[in-house]
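Here the structure of chain A is known, so what remains is to put chain B in place on it, guided by the hints.
There are 2 protein chains.
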Amino acid sequence: MSKTAVVLLSGGIDSATCLGIAKDQGFDIVAISFDYNQRHKVELEAAKLILQHYGITKHYIFNIGLFQKIGGSALTDTAVPVPQSLHVSDIGEDIPVTYVPARNMVFLSYALGVAEQNGADDIFIGVNALDYSGYPDCRPEFIESFAKTANLAIKSGVQGSQIQIHTPLIKLTKSEIISRGNSLGVPYHLTHSCYSPTEEGLACRHCDACLLRRQGFEDAGLVDPTRYHHAA
Amino acid sequence: MSKTAVVLLSGGIDSATCLGIAKDQGFDIVAISFDYNQRHKVELEAAKLILQHYGITKHYIFNIGLFQKIGGSALTDTAVPVPQSLHVSDIGEDIPVTYVPARNMVFLSYALGVAEQNGADDIFIGVNALDYSGYPDCRPEFIESFAKTANLAIKSGVQGSQIQIHTPLIKLTKSEIISRGNSLGVPYHLTHSCYSPTEEGLACRHCDACLLRRQGFEDAGLVDPTRYHHAA
Numbered sequence: 001m002s003k004t005a006v007v008l009l010s011g012g013i014d015s016a017t018c019l020g021i022a023k024d025q026g027f028d029i030v031a032i033s034f035d036y037n038q039r040h041k042v043e044l045e046a047a048k049l050i051l052q053h054y055g056i057t058k059h060y061i062f063n064i065g066l067f068q069k070i071g072g073s074a075l076t077d078t079a080v081p082v083p084q085s086l087h088v089s090d091i092g093e094d095i096p097v098t099y100v101p102a103r104n105m106v107f108l109s110y111a112l113g114v115a116e117q118n119g120a121d122d123i124f125i126g127v128n129a130l131d132y133s134g135y136p137d138c139r140p141e142f143i144e145s146f147a148k149t150a151n152l153a154i155k156s157g158v159q160g161s162q163i164q165i166h167t168p169l170i171k172l173t174k175s176e177i178i179s180r181g182n183s184l185g186v187p188y189h190l191t192h193s194c195y196s197p198t199e200e201g202l203a204c205r206h207c208d209a210c211l212l213r214r215q216g217f218e219d220a221g222l223v224d225p226t227r228y229h230h231a232a
Numbered sequence: 001m002s003k004t005a006v007v008l009l010s011g012g013i014d015s016a017t018c019l020g021i022a023k024d025q026g027f028d029i030v031a032i033s034f035d036y037n038q039r040h041k042v043e044l045e046a047a048k049l050i051l052q053h054y055g056i057t058k059h060y061i062f063n064i065g066l067f068q069k070i071g072g073s074a075l076t077d078t079a080v081p082v083p084q085s086l087h088v089s090d091i092g093e094d095i096p097v098t099y100v101p102a103r104n105m106v107f108l109s110y111a112l113g114v115a116e117q118n119g120a121d122d123i124f125i126g127v128n129a130l131d132y133s134g135y136p137d138c139r140p141e142f143i144e145s146f147a148k149t150a151n152l153a154i155k156s157g158v159q160g161s162q163i164q165i166h167t168p169l170i171k172l173t174k175s176e177i178i179s180r181g182n183s184l185g186v187p188y189h190l191t192h193s194c195y196s197p198t199e200e201g202l203a204c205r206h207c208d209a210c211l212l213r214r215q216g217f218e219d220a221g222l223v224d225p226t227r228y229h230h231a232a
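As you go down the protein sequences, you meet chains A and B in turn. Oh and the first sequence: position 172 is 172 in my numbering, straight run, nothing missing. Oh and the second sequence: position 64 is 64 in my numbering, straight run, nothing missing.
So here's chain A without its partners, still in its complex pose:
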């Protein structure tokens, strides 16, 4: 019997690649996604299409009112605009306004509950410490600490199982992620990255997520299959 892994799937490049890696390692997949009233909710549709592509049927979508209720992030608070830039080099090194307080703490806590209930010891999350250096909850020290806490939190941890948090992308550049996923056949044409898409789901081209995606494909020498709203 193969082992089960819980994969956090937002519908973007990183989580889709993470899913491809978990599949490649032979895990049975339980996917989880979050509807937190993010501006780019179209990514949830992307997540569903990606799972369909892989024939994965176990998918939890959780509604989380927290981030919208507390506000303060450009991703969930319409009062905070999503920054737009021309080049990757314009993206600041500070913690970006797209930071969502405690997001990965909350997401991983849900994953932990799902993992325990599904008898899974493995959780995959596509965090990346390079492109998102400003997000504290994408750093290896946070992930390692979370894993320790997780094993103290749950019944199976106390009884001897060890939850492992897999972060296969944490030290890769965007172009390395895309190259890796491309070699595994990850369906990037189904993924969504843009923080500020049009109503039809077209990508804006100039938010941080679009910039990093475009640059990543370019650096990997691959064609970005995204449909962008604005001309090049």
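There's no promise every hint is true.
Simulated pairs of lysine-lysine, PhoX-like, Cα-Cα distance not exceeding 20 Å [claimed, not checked]:
#, chain 1, residue 1, chain 2, residue 2
1, A, K58, A, K23
2, B, K58, A, K58
3, A, K69, B, K48
4, A, K69, B, K58
5, A, K48, B, K69
Derived CB-CB ranges, DEER-like [what the hints assert, rightly or not]:
#, chain 1, residue 1, chain 2, residue 2, range
6, B, G26, A, P225, 54 to 64 Å
7, A, T198, B, K171, 54 to 64 Å
8, B, G71, A, G71, 27 to 37 Å
9, B, G160, A, H189, 36 to 46 Å
10, A, Q25, B, Q162, 30 to 40 Å
11, B, Q162, A, D35, 26 to 36 Å
12, B, G26, A, H189, 54 to 64 Å
13, A, L202, B, G119, 32 to 42 Å
14, B, H53, A, P140, 42 to 52 Å
15, B, K41, A, G71, 21 to 31 Å
16, A, D35, B, Y54, 32 to 42 Å
17, B, Y54, A, L184, 52 to 62 Å
18, A, L49, B, S2, 49 to 59 Å
19, A, Q162, B, R227, 38 to 48 Å
Hints in this document: simulated from the structure, not taken from any laboratory. In this text, a Cβ means the ideal position worked out from N, Cα and C, and glycines have one as well.
For chain B alone, kept in the frame of chain A given last:
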């Protein structure tokens, strides 16, 4: 200006006492409660009444579909009956079926997001390691580890603030908790403990929560103001 604390308020004895202690320490309170489709949802009404009593107006109630979706706990899964016993001594020492996977991990993660957004460094949670020795996420080692992880997860932690998780009840017996709260004027007549209340909100008298509450008041030499469904 006084400091703000986030208090997790279920509406039971422990969290109400915790709130009373935080108030007594002079904190401004932001309360949070969770609707996770618990059988004993009447506790949310209790939480509101307790806050009214204290004149606290900042109250977040979060809907969490997680626990019901993953099932497996007597508190959220109608397929798992709530155990009934005659005496406190009948309560087993194993992890009880009322254990909810990852519950305090999820609750504290929400508290963390609320704390960061409200500029609070202090979180109060009424966990207790004695009466609920079976719950791994009520032990001091879990709480300490969570605090470490929390400070790595959030922007304010990285920027130098230190989130503190206060667990003033963690080593108290139920009767010590009740005595303490009584001396602080905690409105126990407004609290709710029963895991398996009647539709009118009357307590069942025989679930673990009722047993511990009744014994606690008895040991403290105080009258339990709860309205019970069954006669003594």
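Results for each hint:
1. A:K58 / A:K23: holds, 14 Å
2. B:K58 / A:K58: At roughly 38 Å apart (the allowed maximum being 20 Å), A:K58 and B:K58 break the hint.
3. A:K69 / B:K48: Distance of about 18 Å is within 20 Å: holds.
4. A:K69 / B:K58: Holds: A:K69 and B:K58 sit about 12 Å apart, inside 20 Å.
5. A:K48 / B:K69: Distance of about 18 Å is within 20 Å: holds.
6. B:G26 / A:P225: 54 to 64 Å: The hint (54 to 64 Å, Cβ to Cβ) holds, given that B:G26 and A:P225 are roughly 58 Å apart.
7. A:T198 / B:K171: 54 to 64 Å: With Cβ atoms ~56 Å apart, the hint holds.
8. B:G71 / A:G71: 27 to 37 Å: holds, 32 Å
9. B:G160 / A:H189: 36 to 46 Å: holds, 44 Å
10. A:Q25 / B:Q162: 30 to 40 Å: holds, 38 Å
11. B:Q162 / A:D35: 26 to 36 Å: Since B:Q162 and A:D35 have Cβ atoms about 32 Å apart, the given range 26 to 36 Å holds.
12. B:G26 / A:H189: 54 to 64 Å: This hint holds: roughly 58 Å between Cβ atoms.
13. A:L202 / B:G119: 32 to 42 Å: holds, 38 Å
14. B:H53 / A:P140: 42 to 52 Å: holds, 46 Å
15. B:K41 / A:G71: 21 to 31 Å: holds, 27 Å
16. A:D35 / B:Y54: 32 to 42 Å: holds, 34 Å
17. B:Y54 / A:L184: 52 to 62 Å: Holds, at about 56 Å.
18. A:L49 / B:S2: 49 to 59 Å: holds, 51 Å
19. A:Q162 / B:R227: 38 to 48 Å: Given a distance of about 46 Å, which is inside 38 to 48 Å, the answer is holds.
Taken one by one, the earlier hints fail for this structure only at number 2.
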